Amino acid sequence: MISSEQSETHECELDCNLRVLRDLPFFSGLPQELLRVMAYLCERETFAPGQAVFEEGQLAEGAVAVIGGSMAIEREGRKVGAVTTGMCAGGLALLGHYRWLYTLRAESETDCLFLLRRRLLPQLVAQPASLSAVARELVESVVFWDLQRLERGADGDMYGPGLL
Amino acid sequence: MVTRRTLYSWVLKKNVRWQLLLVLLVVVTVGIRVAPLELQKRIVNQAIGLGDMDLLVFYCLLFLASVLTASTLKFCINLLQAYIGQRTLKRMRTSLYEHILSLPLSFFRTIQPGQVINSLINELASISGFVGSAVSVPLINVCTLLAMGGYLFYLNPLLAGLSFVIYPLQIIVVPRLQKRANEANRHRVNVSRAISGSIGEVITGVHEVHGHAGFGLENEKFSGQAGQLLQANVRMNAYRYGIKFANNFFEHLGPFILFLVGGSMTIRGLFDLGALVAFLSAYSSLSEPWREMMDFYQLKEDSQVRYKNVMAAFDLAPEHRLVPVDRDLYRFRGEIELRSVSFRTPEGARLIEDINLHVRPGEMVALVGYSGSGKSTLAKVVAQLMPYTEGQAQLDGHDIRDLTKLDVAENLGMVPQHPFIFSGTVRDNLLYASHSSAVNRVPGFTPPDLDRVIEVVQQVGLFADILKFGSQAVISPAERPELAERFLAMRRLFRERFEAGFEGDIEFFDPKRYLDFGSIAQNIVFGDFTDRLARFEDAIRNKRFLAFLDQTGLDRILVDFGAVVAAATIPILRYAAQTPELYADSPIAREDMDEYAQVVAEMATRSETELKAASRSLLLRLALKFVPGRHKTVRMPEQLKERILLARAEFPEHLARSGPSTLQFYKADRYIESRSIRDNILFGQPRPGRGGALERISQQLIQLLIEEGVLESIVELGFEFQVGSMGEYLSGGQRQKIALARVFLKQPAIYVLDEATSALDNASQARVQNFLRTVRGKHTVISVVHRLDTVSHYDRIVVMKAGKIVESGPYDELMAAKGVLHDLVGTV
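Listed in order, the protein sequences are those of chains A and B. Okay, so the first sequence: first residue is 1 according to our numbering, each after it adds one. Okay, so the second sequence: first residue is 1 according to our numbering, each after it adds one.
The shape of chain A in the complex, shown without the other chains:
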């Protein structure tokens, strides 16, 4: 779990961001120096309860990690899940363009860390080994997700990454 608290021991925002990124699985294979650059390029934003962080159908411009608080995942106005402290949503948007499949809405006052594609991807592209490491992690998580879905017995009519 990651912590939102910026410690009283003069920890700067960069170090705090770094702690958050270290705990994200798809950044686990990155060298420390690059991770520090990534932490430097992240943006923070605080959302009031009820406020939409992203809306369904909106262009996904990057991933969002929850530093503190929680966000509801809504699909067509109905809550279908939650993203809480330490979790991340939209990791695939770091690599490519798509639209959000759901709305993320703050349930309490929520601190978020935004990992925007336009800021982070050029850094990864400049280091192909790091880009591969991130892609590897993302592929593994998608395959894992697909496996879970299949094991749950998903609707045969539905397309899914593993079936394509």
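Derived by calculation from the structure, the hints in this document are not laboratory data. This structure is a prediction, so every number in the text was calculated from the model and none was measured. Where a beta carbon is used, it is the ideal one built from N, C-alpha and C, also for glycine. Treat the hints with care, as some may be off.
[Stated by the list, open to error] Derived coverage of chain B by chain A (criterion: at least 3 residues anywhere in the stretch with Cβ under 8 Å from a Cβ of chain A; other residues may be distant): (1) 564-576; (2) 623-637; (3) 685-695.
On the provided structure of chain A, position chain B as indicated by the hints.
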């Protein structure tokens, strides 16, 4: 067609009056040019030879008068030539520009903007010199040559004959060299056009260059092309100077013969000295018109090459007439009929195939399908932007190919996914179509009034943006004192009502609190420069400010802090790939990176007190620019903030003691000149990083603006917002909203929207969809839609796949049939 005109056709057309005046001046000038030669002979033979002082003075005065008259006339001739050249150039440019704008869109996909600019501005400019001199220069010089030649034969036929022997030689050699120079020039024009095209392309796509750090790549490409241009220029100049060399050589061969033959004749008493002087003088006078003729020949050849190259590049017929001739403008009901329509690229690829579609007036049709299924191509065919290659497409029974551009523009409004925004104000962009209708004198056209513009702006969800632009405008309280007073009154009201509620969203200006989203310099000063262009970073060069820092002891503390910031920031900036995003929130600008890296290296070997003065100065500047709420590499110590607050309290007194300044302190009862209207009302600034803060603030501000009756002034200021070059200050959503409003204001019979709302947020999308529902039955709508959750209310959904229509019908029917639309909705 303008591209088929010859270069000489421009010389006389609409210039006859001026060219005749020029000819008159030339004839008079040539006559006067012979007079000094005869006077020279008389001065030597009669006045000096006979020792007649009075005659000498008389002839000298006559000589002066004739030289003065000839010079004045020459000045007038030059002026007239330049005028004729420039007015012809203007006509040439405007005719060609008009022609270029009428060319098919496919042409613009094959040519770079830079090439067009280079042709219109540079290549044509050099032709103007030729046009201005095309009549006068040959005339004046041929006449002068004949007059001088005649005079030479009058003086001595033998010598005259000898001196003219050289010219035929020159006439043989020079044109051969000129032919090669022309080839070299043609090559140079092509290379120059290619390099202009490349520059234009890079400037247009500079975002991509920055995004991929393609500086090195582009520099390499440019360097290669610049090398080619260098070679082409050197080659062309070699031939040009070769021609000059040949001309010079032949020119000096003449005196050689004259001195030898004429001198021996004079020694032998066959020719008097005065006549020899006059002969030599007349001969030397031949060289100038001859040289001018040679230069004119070069200019003519050069201009012909340029002209032919320029015109050949645009020698293409427009696909459609621009305006109807011999008939009124069509007014459509909005019926669209496509029968077996296909579009094939020149390479043979079929983008759409055998499309049969009938759209009733007032019907709302959504075009959906996978990427590359031909939806946009079909929309463009309907909008006459792509010429269909097979079948027949009609608007209200008229073949689209036969319609003029004005017919289509007045009856159909197209909004592309990436609309173009012109430089200028929001208003200019919104009213572009209206201005165009006014210029085209469209019958029955009435420009939309302000209420109508506001109504449409609200329909597309742009009103909040307009208010934002308006509230971010900077006004001069001296020029608009009443408005500034109103905003000051609103500042008090805003504080009374919202201060507590907006504590988290707004950083209010409070003399006792540190501004986390202001620089240290701004925090010390607690004010702004009245000069809007002045920057706090420049405070480092202000002696009074530096004296204050020294006096309070802050300079040493800030140098230490600057060192901490530099040491924490430089390693990150050095390790990272160099992108503009990297420096967006950096206290160190890209251009200063190397300097600070050196300072950090110096810090590793010396203590901070031993650093060079320049390094200390850089660290002080870095500290003064530091914004704790924005720069993340260092956490600013609370003690330093407190120290700065103490200094802030002393600063006004220090400044007052040391003389007048352009600083304006933040005071609750004073309008801040350099700040926006919004910041003035808030008496503070919105805190970045607060999701939705701007919207919350904006809502309350709008309420207040309405209550205080100044909403209209803000809207007016918003309409005057300068959007930057090609709309660079607008977001993708704002650009789409402006493009939609621009077309909705036109109220055409047919709307063609090509993913026109793709960049809009959900609320704005919903507004536009609502608007389209309101025009159902009155206007035909064809909309290429990517988001399938917005299509259920369309009358008909047309589903495309691989360039063909595979399904068509109401949404519910198609979904119930579980066909392609059903699959699309399931997967998207």
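Checked hints:
Counting residues of the region 564-576 of chain B whose beta carbon lies closer than 8 Å to any beta carbon of chain A gives 5, which reaches the threshold of three, so the coverage claim holds. Closer than 8 Å: that is the beta-carbon criterion, and the region 623-637 of chain B has 5 residues meeting it against chain A, so the requirement of 3 holds. Coverage of the region 685-695 of chain B by chain A holds [criterion: at least 3 residues with CB-CB distance below 8 Å; count 4].
The structure meets every hint from the earlier list without exception.
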